[in-house]
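Can you build the whole structure from these sequences, using the hints too?
For the record, the sequence lines run as chains P and E. Going by my numbering, the first sequence opens with residue 4, and the numbers climb by one from there. Going by my numbering, the second sequence opens with residue 71, and the numbers climb by one from there.
These are computed hints drawn from the structure, not numbers from a lab. Just so you know, these numbers come straight off a predicted model, no measurement behind them. Heads up, a few of these hints could be off.
Below are the BS3-like pairs computed for lysine-lysine, each with C-alpha atoms no more than 25 Å apart in a straight line [unchecked claim]:
(1) P:LYS16 - E:LYS192
(2) E:LYS418 - E:LYS282
(3) P:LYS16 - E:LYS125
FRET-style restraints, in silico, Cβ to Cβ [to be verified]:
(4) E:SER384 - P:ASP63: 30 to 40 Å
(5) E:GLY345 - P:PHE53: 46 to 56 Å
(6) P:PHE52 - E:ASN232: 26 to 36 Å
To spell it out: a stretch of chain P is covered by chain E in this simulated footprint if at least three of its residues, at any positions, have a beta carbon under 8 Å from a beta carbon of chain E; those stretches are [to be verified]:
(7) 34–42
(8) 47–58
In this text, a Cβ means the ideal position worked out from N, Cα and C, and glycines have one as well.
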Amino acid sequence: MPADSGFVRCLGKIWHLYADGFRDMTWGRPLWGLIILKLVILFAVLRVFFFQPVLAGKTDGEKSDHVGSELIDRAGPATYKE
Amino acid sequence: MTEAALVDWSRAQFALTACYHWLFVPLTLGLAVIMAVMESVYVARKDEFWKRAAKFWQKIFGINFAVGIATGIILEFEFGTNWSNYSWFVGDIFGAPLAIEGILAFFMEATFVAVMFFGWDKVGRRFHLASTWLTGIGASISALWILVANGWMQHPVGMEFNPDTVRHEMVDFWAVVTNPVAVTKFFHSVLSGWMTGAVFVIGVSCWYLLRKREVRFARASIRVASIVGIVGTLAVMFTGDGSAIHVARYQPMKLAAAEGLEDGGTRAPFSIVPGLEIPGMLSILATHDIDGFVPGINDLLDGYTAPDGTAGLSAEEKKERGDIALQAFRSYRENMETDPDAAAEAKKILEENAEYFGYGYIGDRAELVPPVGMVYWPFRLMVGLGCFLLLLMVVVLWLEYRGRIEKYGWLHWTAIFSIPLVYIAGQCGWIVAEVGRQPWAIQDLLPVSAAVSSLSVGSVITTFCIFVAVFTLFLAIEIRIMLKAIRKGPMADEVQTESGN
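Take a look at the structure:
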């Protein structure tokens, strides 16, 4: 189908834009190295070892209960007046 | 009650990350406009000089973009880990804008940045120009959604609190997006980025003039950057005026702290520095009326009645309403499954007092006053530097049009040393906005002491120190790469291209 071949040709052009762009990079190469290093530090080190979401693994109901309890416990003594 | 050190370290960590992120964003926003204007001139005139100029600033843009990219993600890590109560409490109000930011703006930037850098010889001139403009527009749209989320924290609108889920639920998306605080903040922040980009380009160009190299390029860059910078600065001043009106209306304590105004009134004076005031000016800035009433810190704590009859509750009255709201919330949570009637009654009381929910966490009324010195002085620094930088850009542009810009070495040095000043002005703006709204994570609804997660202080200090080390390293790398690119100059790429590299 002509429409399909046009679409495939378009995809091919996009592929070549990126492939040729990365291959012909000069000053951009160390920058990509920097980006990859940063993403590794962010996601493989900081996210895994230091920034685990406190509410991760809980159902929505459990999250509501957890935060609800936290908000009540943090309040001053006036909140406990009958 | 929450440990004060935990709140302080968590805030310090978030502030560090946000300030670091804001080192990169404004330059991205400003350079995007300057390089797009240069490329537009190239497409219009078909003069290769303008293509070289645009390509050089795109290279600097690329370095800044590469180092700055994903620094905002760390803030999202912190929301989940350090501010989990806050993250859950804000519900989809925060999630929706951030999701749109992630999907729309990020992919827009990623697509058009690639065409901009890789597409010079692959796509038509006009398509490439459109990609360059869309890269900048994508960055601005990205900022829009972040600032919509931030604006909501300063002035929460378009939501209802659901005590079953303990979350705020969006009931009016349009109200959230057109929140006047968010709209003003967006233009104020993005246009301050134009200032940053302009001062950066002028400073670098003046360095070339000092070295007597790349003179045509430097003068052309100064001309474009000065115009972009002057337009940006004037618009920043205009939006700053709008911001003052909003702060006076929605966050009067922030305004009182920024002015060091203990006792307010009509014809309130604007403090230039302690002891030097312009009578009536603060009333004009805050209400656009010299007889407008501006409450001071003591008025806001003790309660007041303005001449037009508008009354402001005292801190004690607000705390009382906050206690009632929290007590009702507690009662609702206890009874929601066992006693529907009691729960319904509690919910009704909660809804009646919901706007003061956060005041239930305030122990001493002094907690409601932000650190005045940390708001007063950064505000003056921001405004003073903004005026100085506007003057600099006007002088530089005037001398450039007169053809005398190359003769003034002292002006070149001033422009070079102004680069850090424009960053200081931008950081001061955020300090005024964020320190000024303390103790609130969400204005009137949630103080930072309730928003913070129950973590050990030691773990927060550890991550703070890791961030200091990592951020310093990456910043040093960026400055080094950028200085190297600047030293090589705009002709370096042409030499490489011509040699087939």
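Hints, one by one, checked against the model:
{"no.": "1", "hint": "P:LYS16 - E:LYS192", "verdict": "9 Å, holds"}
{"no.": "2", "hint": "E:LYS418 - E:LYS282", "verdict": "74 Å, violated"}
{"no.": "3", "hint": "P:LYS16 - E:LYS125", "verdict": "23 Å, holds"}
{"no.": "4", "hint": "E:SER384 - P:ASP63: 30 to 40 Å", "verdict": "39 Å, holds"}
{"no.": "5", "hint": "E:GLY345 - P:PHE53: 46 to 56 Å", "verdict": "47 Å, holds"}
{"no.": "6", "hint": "P:PHE52 - E:ASN232: 26 to 36 Å", "verdict": "34 Å, holds"}
{"no.": "7", "hint": "34–42", "verdict": "holds (count 6)"}
{"no.": "8", "hint": "47–58", "verdict": "holds (count 8)"}
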